[in-house]
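Number of protein chains: 2
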Amino acid sequence: MKKKTIIDELKKIVGAENVLADNEDMVTYSYDAAVLDAVIPIAAVMPENSGELGKIVKLCSEYCLPMTVRGAGTNLSGGTIPHNSGVVILTGKLNAILEINEADMYAVVQPGVVTATLAAAVEKKGLFYPPDPGSQAVSTIGGNVAENAGGLRGLKYGVTKDYVMGVSFYDAHGEHVRSGSRTVKCATGYNLAGLMVGSEGTLGVMDEIVLKLIPLPKARKSMVAVYKTIEQASKTVAAIIADRIVPATLELLDNFTIRAVESYSKAGLPLDAGALLLIEVDGHPGQVEEDGLRVEELCREFGADSVKVATDENERDRIWAARRSALSALAKLKPTLVLEDATVPRSKIPAMVKSLQEISQKYDISIGTFGHAGDGNLHPTILTDKRNKEEWLRVEQAIEEIFDRALELGGTLSGEHGTGLAKAPFLEREVGRSSILFSRRLRKALDPNNILNPGKVTGAL
Amino acid sequence: MKKKTIIDELKKIVGAENVLADNEDMVTYSYDAAVLDAVIPIAAVMPENSGELGKIVKLCSEYCLPMTVRGAGTNLSGGTIPHNSGVVILTGKLNAILEINEADMYAVVQPGVVTATLAAAVEKKGLFYPPDPGSQAVSTIGGNVAENAGGLRGLKYGVTKDYVMGVSFYDAHGEHVRSGSRTVKCATGYNLAGLMVGSEGTLGVMDEIVLKLIPLPKARKSMVAVYKTIEQASKTVAAIIADRIVPATLELLDNFTIRAVESYSKAGLPLDAGALLLIEVDGHPGQVEEDGLRVEELCREFGADSVKVATDENERDRIWAARRSALSALAKLKPTLVLEDATVPRSKIPAMVKSLQEISQKYDISIGTFGHAGDGNLHPTILTDKRNKEEWLRVEQAIEEIFDRALELGGTLSGEHGTGLAKAPFLEREVGRSSILFSRRLRKALDPNNILNPGKVTGAL
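Chains as they are written, first to last, in the working numbering: chain A, 1 to 461; chain B, 462 to 922.
Everything labelled a hint here was simulated from the structure, so no lab data went into it.
These figures come from a predicted structure and were not determined experimentally.
Glycine included, each C-beta is placed from N, C-alpha and C at the ideal position.
Mixed in with the good hints, there may be bad ones.
Claimed, not checked - Rough simulated footprint, nothing fancy, chain A against chain B, three-plus residues with beta-carbon under 8 Å:
1. 559–570
2. 619–633
3. 640–647
4. 744–750
5. 771–785
6. 830–842
7. 865–878
Unchecked claim - Label-pair ranges, simulated between beta-carbon atoms:
8. 312/A with 727/B: 54 to 60 Å
9. 560/B with 120/A: 40 to 46 Å
10. 404/A with 793/B: 36 to 42 Å
11. 850/B with 98/A: 45 to 51 Å
12. 263/A with 812/B: 57 to 63 Å
13. 545/B with 58/A: 39 to 45 Å
14. 755/B with 333/A: 49 to 55 Å
15. 774/B with 123/A: 34 to 40 Å
16. 333/A with 703/B: 46 to 52 Å
17. 812/B with 333/A: 57 to 63 Å
18. 62/A with 700/B: 37 to 43 Å
19. 351/A with 580/B: 29 to 35 Å
20. 776/B with 51/A: 57 to 63 Å
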């Protein structure tokens with residue numbers, strides 16, 4: 001079918017104002033936060049309700065047009081890079097919070113709702129939606145579900161997967177499929193809602209998501225521990241967990257990241273520290289008090305030069321704002337930033353930190369390390385310039401070695417960034433051939449014409 | 462293939478002592494805890510390790526023999542009723558706890574490990590595996606995963622699904638598939654581990670399961686609140702949740718169940734009470750103290766005649782032993798017991814309780830009601846005699862009406878018992894036709910010869 005016909009058909013569904021096809025627009029939707037080649041789609045379309053979304057999927061199905069759904073495009077694995085003969089479905093206008101049910105503690109949302117918007121809305125009612133990916137200020141719930149986004153609170157509260165109670169979606173044929181429920185317990189039929197989490201738009205196009213909410217913790221306490229060496233910091237992490245304390249967040253920043261963040265945010269971080277731990281405990285006030293003191297003790301025992309406890313909410317917010325600026329701060333330093341996501345069992349954090357230092361030296365590249373140390377999810381961040389072909393080759397080799405090392409330590413290629421295009425070629429190293437073949441059979445049965453975000457997760461079919 | 466050949470081939474894999482084919486044995490494996498017709502399989506086989514399990518699956522695959530995996534057979538939906546030309550795979554000898562990792566808080570187990578055995582083993586190390594299905598003393602982890610078992614602690618701690626980090630299994634072709642990880646965060650490939658949960662043996666045969674563990678709560682407090690009417694009790698449940706207290710367990714027993722349990726367990730329950738709430742709060746000692754007092758207050762406010770707090774562990778254990786005996790106690794009263802599992806959003810518990818009373822009167826049948834009121838998961842229990850055809854017809858009509866009422870209230874057909882054979886015919890009412898067709902396409906692609914526990918979950922393909 002001709003491009004013009006497709007665009008005309010799309011306009012019939014959503015109106016001319018909701019179809020974008022200019023070259024400038026197409027460039028906008030040709031890439032995401034991953035360091036991968038851009039791909040220009042044929043059009044982008046912005047449905048305003050579920051009915052329009054269904055018609056778009058049906059149209060694409062009839063004409064075998066690849067579809068890529070895009071929320072904020074903040075994913076780091078190429079999950080929203082479109083197909084060059086495909087359509088980008090934008091969820092920006094599917095942004096209604098349909099229900100916040102206080103009595104039964106769940107929310108029903110459209111996929112385009114911004115994560116932080118939902119979090120703020122439920123907090124007003126004394127409820128808590130814990131998953132807080134780094135990009136929560138702009139990322140969408142649909143994208144979070146599609147990528148199984150994590151965040152700073154994974155250690156204590158889990159990730160997006162742990163909050164998805166139900167999902168409804170249009171399948172590759174445009175049929176509307178429901179799964180899951182509004183009850184905490186549901187053992188009816190296959191766990192399709194669970195399967196949709198992390199499937200990166202390859203199994204269906206979501207129109208509604210039911211999320212579990214929990215009561216807001218009554219108290220919290222944040223602190224910053226300053227270390228001479230990253231070894232001391234990483235050993236503290238292991239010691240805290242071994243002490244059976246589960247902080248809400250337990251974040252590590254190395255010297256490289258500290259300097260970048262400080263120059264960007266002027267938060268007053270100690271520039272000469274080898275590493276920082278940013279820690280928050282939350283829950284019942286009595287528990288926060290006890291856990292806070294014990295964590296402080298452990299930090300000192302494992303070599304912290306100082307431990308500073310935030311005395312009010314402003315100070316607390318400054319700590320976390322600084323942490324959340326890490327990616328932006330690092331991105332300013334060099335033309336290309338590769339944010340990796342290799343994750344290991346948390347007791348292996350000291351070993352992984354050591355390996356990252358060795359890999360950095362071996363390939364003579366800069367690797368900043370920060371991330372969610374408490375749940376084993378480090379973000380080794382490589383600063384480079386992709387146009388420097390010789391260096392880029394070394395970067396690619398270093399990334400492969402990081403992957404292999406994480407797997408050797410019993411870890412995973414991606415803790416929270418997804419497989420997308422970026423990690424699909426490496427998937428076999430982690431899960432084995434049989435798992436990929438199994439996944440491809442599953443996918444092919446559900447999307448026989450390979451129109452749902454082709455190339456992602458399982459690689460080319 | 463002839464029965465004798467199959468048995469000979471199985472014996473070659475596991476040794477003669479691990480293959481059962483006598484008529485008496487086959488009767489043993491012809492039924493489970495659901496009220497459904499028994500089906501005699503051709504043999505039962507007991508592999509001793511994953512290698513043998515893989516060979517059995519491969520053999521069945523080559524000869525297109527239906528396979529039904531059976532743990533303790535305690536499921537209530539017919540999930541382990543075999544096929545009459547099929548083999549039953551018993552997991553009794555695949556019962557090793559392979560690892561309890563204290564530092565990283567996970568356990569790796571074979572499917573035949575008994576739930577309570579695992580719970581006790583991790584508790585010794587100060588860790589906690591919360592899912593506690595009613596049958597935990599005999600049920601197996603493999604069965605719990607296959608059925609997505611719940612239990613008394615669903616309200617605060619979730620269900621089996623919330624603790625499965627990884628699963629490895631043999632697919633329908635006998636290929637070994639890995640999924641998930643040993644890390645809290647994992648966004649690599651499809652969430653196949655999540656898909657396996659609740660799939661009732663229809664997508665693969667599990668050989669290893671990785672389970673998340675959490676720190677053991679430091680304190681707990683149990684109490685019994687006695688009410689004149691079940692309405693008062695069910696309104697208290699809604700009030701506790703509305704107060705943002707999340708008890709570990711919040712169980713309801715109606716008068717019918719109280720009498721049955723008391724005659725069976727002699728636990729000292731008040732025979733004239735209209736209903737009881739059995740409540741446990743746990744966590745940090747300060748929180749337990751506060752929540753305990755507030756719950757007591759709410760119980761009285763909503764009409765409890767008395768609230769008795771267990772003063773020691775013995776008294777606590779007696780309360781929960783009495784609750785756990787409910788099913789056995791009820792089962793003694795009549796030849797046939799149908800334990801239903803309709804679940805509603807918890808705020809709808811009062812409405813559901815009222816409907817159950819109306820349905821009981823309308824069809825002139827005895828319905829005892831007990832269950833996990835805190836998570837909306839009631840177990841209406843019908844006592845009858847299946848040989849009384851006239852009454853059985855009324856029972857079947859009542860069950861259908863219970864299902865429809867739960868769905869009207871925004872609930873689900875099954876909170877924790879699974880779909881199995883029992884609920885497959887009703888699935889469409891909840892999830893709709895598209896969801897079933899989607900599920901069948903998925904299943905057919907993964908098991909083209911329909912040999913993995915045929916007939917369960919999606920009905921006949």
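CB-CB spacing for residue 700/B and residue 62/A relative to the 37 to 43 Å hint: violated, 53 Å
Take the C-beta atom of residue 755/B and the C-beta atom of residue 333/A, compute their distance, and say whether it sits inside 49 to 55 Å. holds, 52 Å
Could you tell me whether the CB distance from residue 312/A to residue 727/B stays inside 54 to 60 Å? holds, 57 Å
When you take the CB atoms of residue 351/A and residue 580/B, is the distance between them in 29 to 35 Å? Holds: the Cβ-Cβ distance is about 31 Å, inside 29 to 35 Å.
Range hint 34 to 40 Å: satisfied by the CB atoms of residue 774/B and residue 123/A? holds, 38 Å
Does the Cβ pair residue 333/A, residue 703/B satisfy 46 to 52 Å? holds, 50 Å
Can you tell me if the segment 771–785 of chain B counts as covered by chain A, using C-beta to C-beta distances under 8 Å and a minimum of three residues? Three-residue rule not met by the segment 771–785 of chain B, so violated; n is 0.
Taking 8 Å as the C-beta cutoff, is the stated coverage of the segment 640–647 of chain B by chain A satisfied by three or more residues? Held - the segment 640–647 of chain B has 7 residues with a Cβ nearer than 8 Å to chain A, which meets the minimum of three.
Please verify the coverage claim for the segment 865–878 of chain B: does it have three or more residues whose C-beta sits within 8 Å of some C-beta in chain A? holds (count 8)
Starting from the range 36 to 42 Å, see whether the pair residue 404/A and residue 793/B falls in it by beta-carbon distance. violated, 60 Å
Counting residues of the segment 559–570 of chain B that have a beta-carbon nearer than 8 Å to any beta-carbon of chain A, does the count reach 3? Since 6 is at least three, the answer is holds.
Indicate whether the distance between the beta carbons of residue 776/B and residue 51/A respects the range 57 to 63 Å. Roughly 58 Å apart at Cβ, these two residues keep to the hinted range, so it holds.
Comparing the model with each numbered hint stated earlier shows that hints 5, 10, 18 do not hold.
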